[in-house]
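Enquirer: Work out the full structure: start from the sequences and follow the hints.
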Amino acid sequence: MSVTVNVNGVAISYPQTGDSEWGDEATDFAIQTGSAFGKLGLSTGTSVDITSTLDVTGATTLDSTLTVAGTTTLNGTANLNGNTNLGNANSDTIAVTGILNVDSGTLYVNPTDNRVGINDSTPSEALDVTGNALISGTLGVTGNTTITGNVITSIVKASGSGGLTIDSNGGTDVALFGAGGGSGTTFYGGLNGTTATFSDVIYADDDTTANTPVISFTGDTNTGIGRSAADTLDLITGGNSRFRIESTGQIKGVYESQVGTDYNTTLHNGYLIRAWAKFTGVSSTTLEASGNITSVTYNTTGDYTLNYTTNMPDANYGYSAASKQNGAGLGSINYPSSVAVGSLRIVFVNTDASPGARDQSFISVVVFR
Amino acid sequence: MVIIYIDNEGIKIMSPNQNYKIEMIADKDVPIGLFYKIYDVSQLPTEPKETWDLEINQSNADGIGLTQEEFDIKYPEYKGWSVK
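Those sequence lines, one after another, are chains B and X. Numbering of the first sequence is given in this note's numbering, commencing with residue 1 and proceeding in unit increments. Numbering of the second sequence is given in this note's numbering, commencing with residue 1 and proceeding in unit increments.
If you are wondering where the hints come from, they were derived from the structure by calculation, not from laboratory data. All values derive from a computational prediction rather than experimental measurement. Hints may be right or wrong, so weigh each one.
[Claimed, not checked] Straight-line alpha carbon distances no greater than 30 angstroms define the calculated DSSO-like cross-link-like pairs of lysine-lysine that follow:
#, chain 1, residue 1, chain 2, residue 2
1, B, Lys278, B, Lys252
2, X, Lys37, X, Lys21
3, X, Lys49, B, Lys278
4, X, Lys21, X, Lys79
5, B, Lys278, X, Lys79
6, X, Lys74, B, Lys278
7, X, Lys37, B, Lys278
8, X, Lys74, X, Lys37
9, X, Lys74, X, Lys21
10, X, Lys49, B, Lys324
11, X, Lys49, X, Lys21
12, B, Lys278, B, Lys324
13, B, Lys278, X, Lys21
14, X, Lys79, X, Lys37
Expert: What follows is the structure, encoded as structure tokens:
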């Protein structure tokens, strides 16, 4: 059977009459028809254009460029030795149907379960990485994150201020610090089961809803610390403010007694005891215990002066005193002999048939302002 | 220990707060310019103080009541405390 081959634009039919081994009608092309080789040879610089199907039954070796304009189907195993280029334009698509296994599992694509494994030829998730991962850009996670390892040793900003460090802190708990141990850490969320220590200012929510704590307890969320207005601090229990420090410094509290319907929800002004003392006063005096009192002076019979450590803001304050008259086992009445910002002088007199100043064996005084 | 001083009403006996040095309290609470002496209570006569023959002056005093300025300089750690 004669075969026509176009070689450099010249149609040549093979075998030709008299050919026994190689065709010799063209200098650039030859076909070995003899023996069992059946090879087709091209000399350097020549090419063969095949405009129809090339059907190769045996093994094929290409030592130079093969250009195929149409689709190429390789039914057997394709071994591409040396460097391999797939595609030559950004618009090219390289589609792989079936398992993609690069370097025996270094990259493994499982098309049955739609999973990709890195160093894992049996990936259990959509992406399953065995080994470390280094991500130089942003890692975004829109779903939940579960960490089953022991500890995150560190997440550290490479340089500069700001950022966040999560440190194992000895491996027993978790601490959050600003970068370099500095201040300004913004902490969202909570630490469950551990004591959280904050080394700097903690800012709570700005909510000023009355009777609503912004610092509270997991199992008792209506009890805690809040604020009902700017520059105001409220201590809240059971969803009601029971004690308040207003912006002016005025304190307010609820009544303890169960009178009326709002006894424990309506706040009323409260006033502090500014000084107190317990002392004896027979012929002399002994200051036994006190607050904001540096000394008590025995002036004369039944006459004592309390000297304040820190002055009262003014002399418009009140006091209350109780006493036991020496030797009589009775109480005495008293009156203020002098009320000053730095001291209070009190005189005790008896109430029997012989009125007059009397020493007291027990005296208790409180001063309100 | 008590602090004794004499003013225009007579002898006064002052018992200090035990949490502080008695000299500091005497300097603070004895009226300005009055001399004082510090006694152990056991040293005091048992008779009423109105019968005591006591004189406290510069030669025998343990100290003198300070002004606020003097007190603040002498006791900077208690600066601003009330001086009588």
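Enquirer: Does each hint fit the structure? Answer for all of them.
Expert: To see whether the hints hold, each was checked on the structure:
1. B/Lys278 <-> B/Lys252: The given pair, whose Cα atoms are some 28 angstroms apart, holds under the 30 angstroms limit.
2. X/Lys37 <-> X/Lys21: This hinted pair holds, its Cα atoms lying about 14 angstroms apart.
3. X/Lys49 <-> B/Lys278: Holds. X/Lys49 to B/Lys278 sits at ~22 angstroms (cutoff 30 angstroms).
4. X/Lys21 <-> X/Lys79: Holds: X/Lys21 and X/Lys79 sit about 15 angstroms apart, inside 30 angstroms.
5. B/Lys278 <-> X/Lys79: 26 angstroms, holds
6. X/Lys74 <-> B/Lys278: 29 angstroms, holds
7. X/Lys37 <-> B/Lys278: 24 angstroms, holds
8. X/Lys74 <-> X/Lys37: Measuring from Cα to Cα gives roughly 19 angstroms; hence the hint holds.
9. X/Lys74 <-> X/Lys21: OK: X/Lys74 and X/Lys21 at ~13 angstroms, within 30 angstroms.
10. X/Lys49 <-> B/Lys324: Since the Cα atoms of X/Lys49 and B/Lys324 sit roughly 21 angstroms apart, the hinted pair holds (cutoff 30 angstroms).
11. X/Lys49 <-> X/Lys21: 25 angstroms, holds
12. B/Lys278 <-> B/Lys324: Between B/Lys278 and B/Lys324 the Cα gap is close to 12 angstroms, so the pair holds against 30 angstroms.
13. B/Lys278 <-> X/Lys21: With Cα atoms ~19 angstroms apart, B/Lys278 and X/Lys21 stay inside 30 angstroms; holds.
14. X/Lys79 <-> X/Lys37: Roughly 23 angstroms between the alpha carbons, so the hint for X/Lys79 and X/Lys37 holds.
Taken one by one, the earlier hints all hold for this structure without exception.
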